[in-house]
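J.: Here the protein sequences line up with chains C and E, keeping their order.
The numbering used here puts the first residue of the first sequence at 398, with every later residue one more than the last.
The numbering used here puts the first residue of the second sequence at 57, with every later residue one more than the last.
Quick caveat, the hints were computed from the structure, so don't treat them as lab data.
Check the hints yourself; a few may be wrong.
Said to hold, decoys possible - Derived BS3-like pairs: lysine-lysine, alpha-carbon spacing no greater than 27 Å straight-line:
no.: 1; chain 1: E; residue 1: K224; chain 2: C; residue 2: K690
no.: 2; chain 1: E; residue 1: K75; chain 2: E; residue 2: K65
no.: 3; chain 1: C; residue 1: K636; chain 2: C; residue 2: K542
no.: 4; chain 1: E; residue 1: K75; chain 2: E; residue 2: K62
no.: 5; chain 1: C; residue 1: K514; chain 2: E; residue 2: K75
no.: 6; chain 1: C; residue 1: K508; chain 2: C; residue 2: K636
no.: 7; chain 1: E; residue 1: K65; chain 2: C; residue 2: K593
no.: 8; chain 1: E; residue 1: K71; chain 2: C; residue 2: K593
no.: 9; chain 1: E; residue 1: K62; chain 2: C; residue 2: K593
no.: 10; chain 1: C; residue 1: K690; chain 2: C; residue 2: K514
no.: 11; chain 1: E; residue 1: K224; chain 2: C; residue 2: K514
no.: 12; chain 1: E; residue 1: K75; chain 2: C; residue 2: K593
no.: 13; chain 1: C; residue 1: K593; chain 2: E; residue 2: K68
no.: 14; chain 1: E; residue 1: K75; chain 2: C; residue 2: K508
no.: 15; chain 1: C; residue 1: K514; chain 2: C; residue 2: K593
no.: 16; chain 1: E; residue 1: K71; chain 2: C; residue 2: K508
no.: 17; chain 1: C; residue 1: K508; chain 2: E; residue 2: K224
no.: 18; chain 1: C; residue 1: K460; chain 2: C; residue 2: K636
Unchecked claim - Just so you have them, the derived chain C footprint on chain E, three or more residues with Cβ under 8 Å:
no.: 19; segment: 87-99
no.: 20; segment: 317-323
To be verified - Some, not all, of what chain E presents toward chain C, calculated at C-beta under 10 Å:
no.: 21; residue: R241
no.: 22; residue: V245
no.: 23; residue: H248
no.: 24; residue: R267
no.: 25; residue: G279
Quick reminder that beta carbons are idealized off the backbone N, C-alpha and C, glycines included.
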Amino acid sequence: MTAVTQPSLKGRWRFGEILIQTGLFLCAIVSVLTTLGIIWVLLSESFIFFREISPLAFFTGLKWAPLFEPRHFGVLPLISGTLLITLGAAIIALPLGTFAAVFLSEYSDRKTRQILKPILEILAGIPTVVYGYFALTFVTPLLQKLYPEIEVFNAASAAIVVGIMILPTVASLSDDAMRAVPGSLRYAGYALGSTKYDVSFRVVLPSALSGIVASFVLALSRAIGETMAVTLAAGATPKLTLNFFESIQTMTAYIVQVSLGDTPAGTIEYQTIFAVGLTLFVITLLMNFLAQKLLARFRERYD
Amino acid sequence: MFDTRKLEKNLKRRKLVGKVSLLVCVASTLFGIVLLGVLLIDIVRDGYAYLDSQFLTSFPSRFPARAGIKSALWGSTWLIGCTALFSIPVGVGASIYLEEFAARNWFTRFIQLNIANLAAVPSIVYGMLGLVIFVRWLNLERSVISGALTMSLLILPTIIIASQEALKAIPDSIRFAALALGSSRWQMVRDHILPSAFPGMMTGVILAMSRAIGETAPLIMIGALTYVAFVPERLSDPFTALPIQIFNWASRPQHEFHNIAAAGIIVLLLLLLTMNAVAILSRNHFEREQH
Numbered sequence: 398m399t400a401v402t403q404p405s406l407k408g409r410w411r412f413g414e415i416l417i418q419t420g421l422f423l424c425a426i427v428s429v430l431t432t433l434g435i436i437w438v439l440l441s442e443s444f445i446f447f448r449e450i451s452p453l454a455f456f457t458g459l460k461w462a463p464l465f466e467p468r469h470f471g472v473l474p475l476i477s478g479t480l481l482i483t484l485g486a487a488i489i490a491l492p493l494g495t496f497a498a499v500f501l502s503e504y505s506d507r508k509t510r511q512i513l514k515p516i517l518e519i520l521a522g523i524p525t526v527v528y529g530y531f532a533l534t535f536v537t538p539l540l541q542k543l544y545p546e547i548e549v550f551n552a553a554s555a556a557i558v559v560g561i562m563i564l565p566t567v568a569s570l571s572d573d574a575m576r577a578v579p580g581s582l583r584y585a586g587y588a589l590g591s592t593k594y595d596v597s598f599r600v601v602l603p604s605a606l607s608g609i610v611a612s613f614v615l616a617l618s619r620a621i622g623e624t625m626a627v628t629l630a631a632g633a634t635p636k637l638t639l640n641f642f643e644s645i646q647t648m649t650a651y652i653v654q655v656s657l658g659d660t661p662a663g664t665i666e667y668q669t670i671f672a673v674g675l676t677l678f679v680i681t682l683l684m685n686f687l688a689q690k691l692l693a694r695f696r697e698r699y700d
Numbered sequence: 057m058f059d060t061r062k063l064e065k066n067l068k069r070r071k072l073v074g075k076v077s078l079l080v081c082v083a084s085t086l087f088g089i090v091l092l093g094v095l096l097i098d099i100v101r102d103g104y105a106y107l108d109s110q111f112l113t114s115f116p117s118r119f120p121a122r123a124g125i126k127s128a129l130w131g132s133t134w135l136i137g138c139t140a141l142f143s144i145p146v147g148v149g150a151s152i153y154l155e156e157f158a159a160r161n162w163f164t165r166f167i168q169l170n171i172a173n174l175a176a177v178p179s180i181v182y183g184m185l186g187l188v189i190f191v192r193w194l195n196l197e198r199s200v201i202s203g204a205l206t207m208s209l210l211i212l213p214t215i216i217i218a219s220q221e222a223l224k225a226i227p228d229s230i231r232f233a234a235l236a237l238g239s240s241r242w243q244m245v246r247d248h249i250l251p252s253a254f255p256g257m258m259t260g261v262i263l264a265m266s267r268a269i270g271e272t273a274p275l276i277m278i279g280a281l282t283y284v285a286f287v288p289e290r291l292s293d294p295f296t297a298l299p300i301q302i303f304n305w306a307s308r309p310q311h312e313f314h315n316i317a318a319a320g321i322i323v324l325l326l327l328l329l330t331m332n333a334v335a336i337l338s339r340n341h342f343e344r345e346q347h
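So that you can see chain C by itself, here it is in the shape it has in the complex (with noise of 0.2 Å):
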C-alpha cells in the first residue's frame, strides 16, 4: 500500500466557515440594527419637534388640535384615548381570556384542546383591518340599537373588537403557564381533599400567577399600539374622556390621519407624529420588558 499523504485536516472547511459563520452572525445583526433604526429614528424626529414645542407643554398640556388654529400640542387627550380603549378591551379579554385557560389547561381534554386552541388562535391572525370593519358595520349599528345615543365613532365597540383581538394571546399564553405548573401541585390539592374548582382556582391559577400576568401585559401592549381598528371605528376627536359613546382619538389613529392627510412633510404639525410615536414606542418597551421579567420569574421557578 502506498502511504496515503495526510491531507490538511486542519484548515481544510476553515475559510468557508469563517464566511458562513461571519453571514449568520450579521443575520443576526439585522435585528439589533432594527431596534437601533428605531430609536434613532423616532429620537431624532422628534427633536426636531421638542425644539420647538417644550416637553413638558407636550406631556401635560390637556388639549390636542395641532393642525388646526390655534394649535395646541398636548398629547394627554391621545394618550387618555388610548388608555379608555385598553381599558375596555381590558375588560371584556383578561377576563374571559383566563377562564378560558383555566378550561383548555384543567377541564378540557388532550383532543379537545387541539381542536379548541387554534381555532381561537384564528381569531389572532385575522388581519385588523377586518376587525375595524367588523367594529364599524357590526358592533356599532349593534350598539345603537342598544343606546340610540351613542355617536357613529365611538370608543365602545372598537374596545370590544380589540378584546376580541387581544383574547386569544391571554388565552393561549395563561394556558401554556398554567400547563407548565407541575402535576405534583395537583396531587397534592386533590389528596388534601380538594374539588376540581379548588385546584384549578386556588392552587393552579396562583402558581402560574407571574406566566398569567406575562399575557395580561403582552396584551394590552398589543391593544395600545393597535391601529387600524380603533382608526375605522373609534373617530378622529381627540378628547379627555371616559365616556366609551363618544367618538374619541388615540396616539395610532392620530398618526395614520396625519400620513393619510396633505401634511406636509418637515413642518411642525408633521414632526408631531414622531413625538406621538416615541410616546407610543416607550410605553410599549416598557410594558414588553415588564413581561419579560415576569416570564423569567416563571420559567425559573417552573423550568
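Following the hints, complete the assembly by docking chain E onto the known chain C.
T.: Same frame as chain C, but now just chain E:
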C-alpha cells in the same frame, strides 16, 4: 364530635361552585369561537354579492358596481414575494446563528431579548422606520421595494423565533453524531439539522407571511397609495395592497363601498386560508417523508 351534616352541606356547596365555574370557563372559551363565527358570517353576508370575476379583474372605481381589486391583488402579490425574498434568508440565517453557532454569553442573550422586544413593537412604528430610512434616506420612494423592506423588518422577529423553535426541536444526538463523524459545524447544519428542521421552519415562515399580507398600518405610513389603476411592473413602482384597499373602502360613508370592502375581506381571508392550508399540508407531507 364530627358534624357530618355540616360537612355534606359544605361539600354540596363546593361542588356547586365547581359546576358554576366550569360553566363560566366553557362559556368564555366558546365566546371567542362564537364571535369568530359571527364575524365570518357577517362578512360573507355583506360581501358575497359583489364577489365575481369582474371584481377580481377590475381596477378601483368611483362607482361601486365597477370597482375591483386587480391592482390590490397584484400589489399584495409583489409585496409578499419580495418580502419573502428578503426576510426568509435573513430570518433563517439569524436563527441558525443563534441556535447552532452563538456562544452562550451576554451578547447572545442581548440579541435574544432584543428580538423578543422587536416582536412586540407596534407595527405602525415599523412604518415610521420605513418612512424615514427607506422612503426618505435611501430615496426608494413610495415603492414596492420600500414596502417589502419595511414588511421584512416587521416579520423578521416572528420568523427568527419560529425557526429557533424548529431548531430546538432537533435532538442533540443528531448534532453529536454528525460532529463525531468529523463534519464541521456548517456541514452538520447543512446536511443534518436543516433538512430535519425544514417542515417546522416552513410553518413558521408561512405564518409570518400571512401576518405580512394582512398588515395595513406600516404600508399607510410609507405611503402606499389608496387609488392605483395599474399593476406594478418594477420594484420601484408605486403600489396598493389588499388591506389598504379594504381600509379605503371601509372608511367611505357609502354603504355600497362597505359591501365591496367585505368582498375584498373575503378575498384576503381566502388567501390567508390557502396559505395556512399549504403550511399544514406541506408540514404533514415532509414529516411523513422523514419517518
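J.: Each of the hints needs a verdict: does it hold here or not?
T.: Consistency of the hints with the structure:
1. E:K224 / C:K690: holds (22 Å)
2. E:K75 / E:K65: Given that 27 Å is the threshold and the Cα spacing comes to 15 Å, the pair holds.
3. C:K636 / C:K542: holds (25 Å)
4. E:K75 / E:K62: holds (20 Å)
5. C:K514 / E:K75: holds (22 Å)
6. C:K508 / C:K636: Not OK: K508 (chain C) and K636 (chain C) at ~48 Å, beyond 27 Å, violated.
7. E:K65 / C:K593: holds (17 Å)
8. E:K71 / C:K593: holds (9 Å)
9. E:K62 / C:K593: holds (20 Å)
10. C:K690 / C:K514: holds (26 Å)
11. E:K224 / C:K514: Judged against 27 Å, a Cα distance of about 22 Å means the pair holds.
12. E:K75 / C:K593: Distance ~10 Å between K75 (chain E) and K593 (chain C) Cα, so the pair holds.
13. C:K593 / E:K68: holds (13 Å)
14. E:K75 / C:K508: Cα-Cα ~22 Å, so holds.
15. C:K514 / C:K593: With Cα atoms ~21 Å apart, K514 (chain C) and K593 (chain C) stay inside 27 Å; holds.
16. E:K71 / C:K508: Holds - the C-alpha atoms of K508 (chain C) and K71 (chain E) are around 25 Å apart, at most 27 Å.
17. C:K508 / E:K224: Since the Cα atoms of K508 (chain C) and K224 (chain E) sit roughly 25 Å apart, the hinted pair holds (cutoff 27 Å).
18. C:K460 / C:K636: holds (7 Å)
19. 87-99: holds (count 9)
20. 317-323: holds (count 3)
21. R241: holds (7 Å)
22. V245: For V245 (chain E), the interface hint holds, since the closest Cβ of chain C sits about 9 Å away, which is under 10 Å.
23. H248: violated (15 Å)
24. R267: holds (7 Å)
25. G279: holds (7 Å)
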